[in-house]
Each structure stands twice: as C-alpha cells, then as structure tokens.
Amino acid sequence: MIEPTDREIAGRHGTLVVREWAGANPGWIALIAHGYGEHSGRYQWVAERLVAARALVYAPDHVGHGRSEGERAHFTDAEAIVADLETLRQQVTAEHPDLPVVLIGHSMGGMLAARYAQEHQEHLAAVVLSAPVLGTWHVLDLLEHDEIPDTPIDPATLSRDPEVGAAYVADPLVWHGPFKRATLKAIDDCLLAINEGPILEKPVLWVHGEDDELVPEADTRTGIDRIRGDDFHEHIYPGGRHELFNETNKEEVMNDVLTFIARALNS
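Numbering-wise (UniProt numbering), the sequence shown opens with residue 1 and increments by one.
Since the hints were made in silico from the structure, they are not lab data.
Because the structure is a prediction, the values reported are computed rather than measured.
Do not take every clue at face value.
For each label pair, taking beta carbons as the anchor points, the in silico distance ranges come out as [to be verified]:
1. A170 to P198: 38 to 48 Å
2. H120 to D225: 19 to 29 Å
3. E122 to A193: 12 to 22 Å
4. D146 to E122: 40 to 50 Å
5. A167 to R226: 27 to 37 Å
6. P178 to R54: 18 to 28 Å
7. H96 to D146: 44 to 54 Å
Straight-line alpha carbon distances no greater than 16 Å define the calculated EDC-like cross-link-like pairs of lysine to aspartate or glutamate that follow [what the hints assert, rightly or not]:
8. K185 to D146
9. K180 to E147
10. K250 to E210
11. K185 to D98
12. K185 to E79
We put the beta carbon where it would ideally sit given N, CA and C, even for glycine.
Let the sequences and hints guide you as you build the complete structure.
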C-alpha cells in the first residue's frame, strides 16, 4: 500500500486538504475530482494503479467534503470548486513544470472536471469522466419541493460488490444526510453552463456503467453529446453500477483508463 501524504491549499471558501500519492520517476500528474458527499480517501486503489503507471496523484477534498473546511455537502457555486482545482493545478505544476496533467472526475466530480476542461483546456493533456453528472440529473427534481426530502443513497447502487456499499455506509467522512438546496441549485447552474460552453478539444474518455441508477447513462449522454470533440472515446460497461472504480470489473475499467491515458500522453 502506498501511504498518501497531505497538503493544504487555500480554497475559495476555506482550507482544503489534498491527498498525494507518489512513486519513483513520475512521468505525469493525475488530478482526481471526487463525487458528491464522498472524499478523496476513497480513491486509494485508483491512486495506487495510477502511481504504478508513473503518475503523481493529487486529490483534494472539495469544500464541505471529507477533511476540508465548510458546511458538510454544501456549496453555492460550482465555479468556486473549479477554481480550487485550478489553484491546486498551479501549485503542483509549479513544482513539476515538465509533467503533463490528466484530470479524472467521478460523478459530480465528472461534472466539475468537464467544466474545468471547458475553462482551462490549455493546461490539460487529457480528461477522464467516470459516470459524470452531465446533461440532466433526476436528483435535481428535489428542487421542486418546498422542503428537500431526505433521500439517502442506496449503497447497493454503488457497486455489485456488497463490501463497497458496506464501507460507504460505515465511512465517517462520507456525508449521509439529505441534499441541500443550495448545493442542488449550484449543480443545476453548472450543468446549464456546461451545456452552453465550448467543445472539449483535448482527448476525453467517458466510462459509465450500463446499470447506473444514481447517474443514468442515457441522461449523461445528453450532456456529453453537447461538448464532445473529435478526440472522444467511451466505454459503457454491461452490468456496471455507479462506482466503476469500485466495481467487480474495476481492473478492466482501470486498464481501459490507463490505455487511454498512455495513448493521449504519447500522441
């Protein structure tokens, strides 16, 4: 196991904790944007696979998530989180100016990664979007209620591996409470901005589970089709649920991701 180290950066709305995983002779930088309600510590296995492929891995806990400051699972502007990712990129590329950067975003983090790529394409070598919230998202229907109902995530929707759901439920750094109106509104605003934003011109890989109930593939496709460029690749996995990096076929998924990244970096 590669033990991560921590650094802190000044985010737009508080101090953010960033996990770092490193190995010998790194050849590129991987930035990971985690999903709603979770934290970067859930990407230990992913980070180890990336390090084995010569990456320096940096994964912040977004504002209001994990060990970072802020009200839990609350933010009012997704653009501020995008700006936090850029702050981190500037810091790590100043330390490693010769290394290309690949941005990997999962779920809500996939939305943030897509928006970041629209605004900062010149700084990226490639983008990987895992089950990204794009296009439309049924959870935003909760905004129609005067009071947001508590609709906890069913852990069985995360992976076919029941241990993944059990670990999620037991994780004290995961937010298990209800969605907050400001957060849902910020996500809605970000999706609208992405739909109206520029095409992604850098190499993009989209991976999604065919049986994803949290972020259905068909809904994401409506957003992907608006922003996909010429260098676009996708893998839709039969039977896959929401967290492909924690799925029963996670080795296959990571192999596909690493093959794509290697091709993008060598092109």
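Evaluated hints:
Distance hint check for A170 and P198: the Cβ-Cβ separation is about 41 Å, which falls inside the suggested range of 38 to 48 Å. Taking 19 to 29 Å as the suggested C-beta distance range, the pair H120 and D225 conforms, at roughly 22 Å. For E122 paired with A193, a C-beta distance near 19 Å keeps the hint of 12 to 22 Å intact. Taken as a hint, the range 40 to 50 Å holds for the pair D146 and E122, whose Cβ atoms sit roughly 44 Å apart.
Between A167 and R226 the beta carbons are some 35 Å apart, a value that agrees with the proposed interval 27 to 37 Å. The given range of 18 to 28 Å is broken by P178 and R54, whose C-beta atoms sit roughly 41 Å from each other. About 50 Å separates the C-beta atoms of H96 and D146, a value consistent with the hinted range of 44 to 54 Å. Restraint check for K185 and D146: satisfied, since their Cα atoms lie roughly 13 Å apart, inside the 16 Å limit.
A distance of roughly 10 Å separates the Cα atoms of K180 and E147; the hinted pair therefore holds under the 16 Å criterion. Under the criterion of a C-alpha separation no larger than 16 Å, the hint pairing K250 with E210 is consistent with the structure, at around 14 Å. Restraint check for K185 and D98: the C-alpha separation of about 38 Å exceeds 16 Å, so the hint is violated. About 12 Å separates the Cα atoms of K185 and E79, which keeps this hinted pair within 16 Å; it holds.
Hints 6, 11 from the list above are not met by this structure, while the remaining hints are.
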